[in-house]
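Okay, so the sequence shown: first residue is 1 according to full-length UniProt numbering, each after it adds one.
FYI, nobody ran anything at the bench for these hints, they're computed from the structure. Check before you lean on any hint, since a few could be wrong.
Stated by the list, open to error - Pair ranges (Cβ atoms, derived):
hint	residue 1	residue 2	range
1	Y123	Y163	28 to 34 Å
2	Y163	L77	41 to 47 Å
3	I70	M43	15 to 21 Å
4	A122	I70	38 to 44 Å
What the hints assert, rightly or not - No farther apart than 25 Å at their CA atoms in a straight line, the calculated lysine to aspartate or glutamate pairs in the DMTMM-like style are these:
hint	residue 1	residue 2
5	K59	D45
6	K162	E73
7	K162	D131
8	K34	E160
9	K34	D45
10	K59	E130
11	K59	D39
12	K162	E130
13	K59	D74
14	K34	D74
15	K59	E73
16	K59	E160
Yeah, the Cβ is synthetic: ideal placement off N, Cα and C, and Gly gets one too.
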Amino acid sequence: MVTLVRTDFPTLRTIFCIAGILLSFYALYVELSKEHNPDFQAMCDLSGTISCSKVFTSKYGKGFGIIGQILGEDNILNQPNSIYGIIFFCLQIALAMVFSYSASILLLLTSVVSVIGCFYLAYILMFVLEDACLVCISTYVVNAALFFINLIRWNSERRERKYTRKSKSD
């Protein structure tokens, strides 16, 4: 009989999700502070080319620079990217509490979407805005780590499902 060990790294996932939530709240704080006070100086604004507030207040800081163009700037879905980040990281925590193959697929799919979003935003950061945003880069690292954790969990759930089906048919 094969004994399967669930590989989920719950503590590590929680740490990365909390880090992501904190980074997202900080990004939201910087964006809102800069909107209300143009003279606001964020801790992550180190120079003219290393400035998170420049990124967060750009047209790409809301709705990924896409939603506003398609649905209009005043559309309810055209929110700061950090709001989407907070929702994503909370969803990751909630889904991680469900031990099923479906939950592992959803965790992985949402991570794939977040990583694709990171590549898009990293491109914008480097080649369009020509800026380095420490909060953004930290968020990309968190998303990449969650992707790998979710990939490991999905693979573990898939193997468990395969062996469970095989043992039922024997």
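Results for each hint:
| no. | hint | verdict |
| --- | --- | --- |
| 1 | Y123 / Y163: 28 to 34 Å | violated (41 Å) |
| 2 | Y163 / L77: 41 to 47 Å | holds (42 Å) |
| 3 | I70 / M43: 15 to 21 Å | violated (33 Å) |
| 4 | A122 / I70: 38 to 44 Å | violated (22 Å) |
| 5 | K59 / D45 | holds (18 Å) |
| 6 | K162 / E73 | violated (47 Å) |
| 7 | K162 / D131 | violated (47 Å) |
| 8 | K34 / E160 | violated (49 Å) |
| 9 | K34 / D45 | holds (12 Å) |
| 10 | K59 / E130 | holds (14 Å) |
| 11 | K59 / D39 | holds (19 Å) |
| 12 | K162 / E130 | violated (47 Å) |
| 13 | K59 / D74 | holds (13 Å) |
| 14 | K34 / D74 | holds (19 Å) |
| 15 | K59 / E73 | holds (10 Å) |
| 16 | K59 / E160 | violated (45 Å) |
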